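Please build the complex by placing chain F on the supplied structure of chain L, with the hints as guidance.
2 protein chains.
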Amino acid sequence: MSDYSLEKHNLAANTIRGLAMDGVQAANSGHPGMPMGMADVATVLWSQFLKHNPADPTWPDRDRFVLSAGHGSMLLYSLLHLSGYDLPLDELKHFRQWGSKTPGHPEYGHTVGVETTTGPLGQGITVAAGMALAERWLAARFNRPDFEIVDHYTYVIASDGDLMEGISHESSSLAGHLGLGKLIVFYDDNEISIDGSTDISFTEDVMARYAAYGWHTQSIDGHDPLAIIAATEAAQAETERPSIIACHTTIGFGSPNQAGTSGVHGSPLGEEEVRLTKLNLGIPLEPTFFVPAGVKAFMAGDSGAQEEWQALWREYQEALPDLAVAFDDGLAGKIPTNWDDILPTFEPPKKIATRNASGQVLNAIARHMPNLIGGSADLTPSNKTDLKGEEDIQKGNYDGRYIRFGVREHAMGGMLNGLAQHGGIRPYGGTFLIFSDYMRGSIRLAALSGAPVIYVFTHDSIGVGEDGPTHQPVEQVMSLRTIPNLTVIRPADATETAVAWRCAIENTTGPTALILTRQNLITNNKSSADAARGGYILHDHPNPKAILIASGSEVEIMEKAAAQLGFEGILARVVSMPSWELFAAQSQAYRDSVLPPHLTARVSLEAGVTLGWERYVGSQGIAIGIDHFGASAPYATVYKEFGLTAEAVAAAVHLLLD
Amino acid sequence: MSDYSLEKHNLAANTIRGLAMDGVQAANSGHPGMPMGMADVATVLWSQFLKHNPADPTWPDRDRFVLSAGHGSMLLYSLLHLSGYDLPLDELKHFRQWGSKTPGHPEYGHTVGVETTTGPLGQGITVAAGMALAERWLAARFNRPDFEIVDHYTYVIASDGDLMEGISHESSSLAGHLGLGKLIVFYDDNEISIDGSTDISFTEDVMARYAAYGWHTQSIDGHDPLAIIAATEAAQAETERPSIIACHTTIGFGSPNQAGTSGVHGSPLGEEEVRLTKLNLGIPLEPTFFVPAGVKAFMAGDSGAQEEWQALWREYQEALPDLAVAFDDGLAGKIPTNWDDILPTFEPPKKIATRNASGQVLNAIARHMPNLIGGSADLTPSNKTDLKGEEDIQKGNYDGRYIRFGVREHAMGGMLNGLAQHGGIRPYGGTFLIFSDYMRGSIRLAALSGAPVIYVFTHDSIGVGEDGPTHQPVEQVMSLRTIPNLTVIRPADATETAVAWRCAIENTTGPTALILTRQNLITNNKSSADAARGGYILHDHPNPKAILIASGSEVEIMEKAAAQLGFEGILARVVSMPSWELFAAQSQAYRDSVLPPHLTARVSLEAGVTLGWERYVGSQGIAIGIDHFGASAPYATVYKEFGLTAEAVAAAVHLLLD
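Sequences listed follow chains L and F, in order.
Here our numbering runs 175 ahead of the position in the first sequence, where the first position is 1.
Here our numbering runs 175 ahead of the position in the second sequence, where the first position is 1.
Just chain L, same shape as in the assembly (with noise of 0.2 Å):
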């Protein structure tokens, strides 16, 4: 690379900040600090290391660039645009307005190019922790000699808030412990936050914490296009450890008046200061985005690595024709259809707790899903999530299907949307439902993006007994429910468990929280393939008077109150209801049939917060629940306590019906 050219790097460099200015100015709302203050690394790293054609922007082997510091969109946005992505200047022109392909942050399926959504701080180095380790397992089970058909970078731009955000902290050293190599994160390190200098509130030595991390690190002139590129190639060459490079940079850089300074992080700078800078810089006035001759040329992504792969795949094809199909059907998010075959069976009234009939179902389909692989936060013997007979993936076996991901749910629930959306793999991860609650950021990104995570959430009530009310969750399942594009489902017994991981492995286009008990539930005669509907009849009886509605392991107790009732006369019908998500895509007609509009008598039960049941309920039910914290005990004695007991429901019955 020592023929360089600085000049036309300036330029490009400089077309970027342009961009990012007007971008920010026209919508009168944006971050230009920071695509300003990191258009040098960007420009070098795009033109002269990104492997990837605009032209295919899904083919598999391209290097992966994730723009952590979300709030830089622009900086995204003009690097898409001048490398050739069908992103028009038109759509850079419409920076954050309705219905444009360039949001205030980067969102993944929404604009080409956009490798996963970013903006929440901590998410993109933890995503791109995933899609490294994505790399490394698809190079293990797929490159063989002389067929490296797996082999790329993924690229980070990450900012102070990233690196101060614990996600990243979890990330960073589970990447470290797994030696991603081909990682290498550009840290801006420009020594602003929106407070002020990052004097105030972050003070520690960065690159000392990645080096106890065991990541490679570097320090460099952020606006040194050399240096960049030395920094570049030193951090490809280091193939055990994955990389960091501080790069001290000056946000809004070109500004008179306000680069170095929190004013320029997320505020437009302004006609007057904008028109200083472009006159600093040399960029011309008018016209606004202007892109000079050469620039587009001088970014523009290559195709020809991507044919010589082309080439070095067909071969593979012939040469390894079954391998290739499973990696084209692990990138094709192929699953499997011969569910019959697949799940096992259990035998009513056999009692097993929902976590043990997951662990069993998940370790039959992935006996048939190759590409399916995952891990625990350090709760692998609560969870049941290991798969029998496979090894860890570790630093130099990246061959194996399970992830120790440590004590760390948000980095687990960050990475887990890193593997999905890599490509290729099908990624779980379990914790307690109660943990849920540390890995919610990432959640909702893997909602929002429509990440196929599936999240083995185990231990999810009082049903927890002994540990109490820090390990007890009441509101969590209802507070999962609220995520949009998140299906939830809580089985209530074997048979629902193994038509709930069906379903999870069905929904492709986002993810889905399984919510599994702990304690032993009484598999039912009654559960069906049905509770793929949500919600369906488990009991019934003709011209019923009340309807009982439950999920999870209070449906056993349902059936016991409806019993009881019956004892007395009064004919209940029993509903499972696994999936609110999964019944409101029901037709109304069948949503009708479990729920009658004119049977009002209606009783819920579930061992969380009644808020939101009135929905099923209605005006004249009555939902159980818990509104309240739990407490330390056996877990028979919190629910009697807590009055969550058939009797209760039937009191309840007979003050509908009274």
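Source of the hints: derived by calculation from the structure; they are not laboratory data.
Keep in mind that this is a model prediction, so the values were computed, not measured.
Beta carbons are placed, not taken as given, at the ideal position from N, Cα and C, and that holds for glycine.
Please note that a few of the clues may not be correct.
Covered stretches of chain L, as calculated for chain F (at least 3 residues, CB under 8 Å) [to be verified]: (1) 199–210; (2) 310–323; (3) 341–348; (4) 400–410; (5) 638–648; (6) 740–750; (7) 803–809.
Then chain F, alone, in the frame of chain L:
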């Protein structure tokens, strides 16, 4: 301490090991390994260093002890019992049983001597950082030459899991930045987590990382009492930096067959292994829960230090009576009563964002409440949380009133809990509502343990506009409402914002979340102090035909809808409902007066998920909201495109009345 009796030490440490084994065995549930491994450290700390008086557990200048690894609760219960707290042996025998004082994880307010609720990993060490900051702040405010009335340590026992969790990274970085020299962490470096050896997931150099944070670090044999003593003294001698002492221990120390394995982490040893361990350690097999003579005397907390302090305090009261009163008031949690003098009023129909009104109200209250301190997670200019004329709290200047938390929402949440639970301080903290997701683990613990923390959550809806779906909360308000004992208030204008702050200050038994807009809202001339009732009639007519219910920024849309309907001859009541929790606490009669049961034509409007609104609109009402993610565009456009309009409300009313 050269006369430290190793014999007495060993007897005490083994007594703790015996109690831990017996407690877990009796409950057939719990975590014996950690108490057994850390018994030596705890014995040294509590017998030789901890400044406390079990007879007066609320003595303000006591050292704080936080068991961050809350799963080892039997360690803490044993220490409390042996050192003289009112926790009889019978309670230890009822470990994890209904109604006992010894729940599965330590609970603040439930068991005397428990300084904070722990169990969810990473929270305790973060709360401790908050406590250590509280100590420095109170010292700066109230100490005078020769009157060091605030001068204590905060000690922590933390586990591998604590140090893997992102929240601990955030708070440890900030504790290093703040130079909290009286914070001393004993890290139980036992190299075992639930999944097995920490080799499988946690191989970073933890001490190097803490050094990078600016901490004083040491590594010792955690079973060598003299080494523990020397390290603690060295940590105390270091006054400028927080200290962490890596204590190399054997989990389940003393167990012949299970020591050093993950098997002893979270399961009882089993009767036979308990027997073998007792034989190995020289603990009599009978009776269980055996406490040898002399152990209590060795471990006893001493009232001497407090007596000295009391003498000093009496002199202080005489010499500095105003300061003494202020100190006492702070500890007593005294709050203002002259609200009419304090709260600013706002002129209708002036437009002002509720975040801006909040800033004004906060500053007005702070002038009358000197112990109200807080900060923001690097969003001060957006959250409007700064206190005018007050300085930052920084290393060397703890006397300020504003905390720069950095981009560390979860640490902020945990440290706010510590500031509150230390005593003497009333804390608040701000971030965007969307990032409440990042700190949910801490919010939950505040609610569970009754910490009167105030959250200032701004940018509360699609009203965020251009930042787009990653930053537009849609599910957060409802999701926060699911948390028991958290009061959520979403004021409709500046007047209600003042009321909301008053309610927040007056809520001393749990946290309050203020949900505030980015965008300007009209100050309503009917808004009133009735907002404190959670829901009230804003506009009415004799014999209304419909009720329009809204919270926050949607109230002004409801006003427009009511006006439009009025024009069409349909008289509609408008109910402003800023807080579900406050409304639920009103009498049935009041609630029925606002929402008369016979008036079933109800429409709700809230810029968030509709889940839950059936509670107030009933089966026959219509809830208008957003059951999907947002979009990036100017906010007025987003409201219109998503159908959150007066026209949509009017149409819904027509539908209901037709």
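Verification of the hints:
1. 199–210: Since 3 is at least three, the answer is holds.
2. 310–323: violated (count 0)
3. 341–348: holds (count 6)
4. 400–410: violated (count 0)
5. 638–648: holds (count 7)
6. 740–750: violated (count 0)
7. 803–809: Contact hint for the segment 803–809 of chain L vs chain F: holds, 6 residues under 8 Å.
In terms of the numbered hints stated before, the structure departs from hints 2, 4 and 6, listed from lowest to highest.
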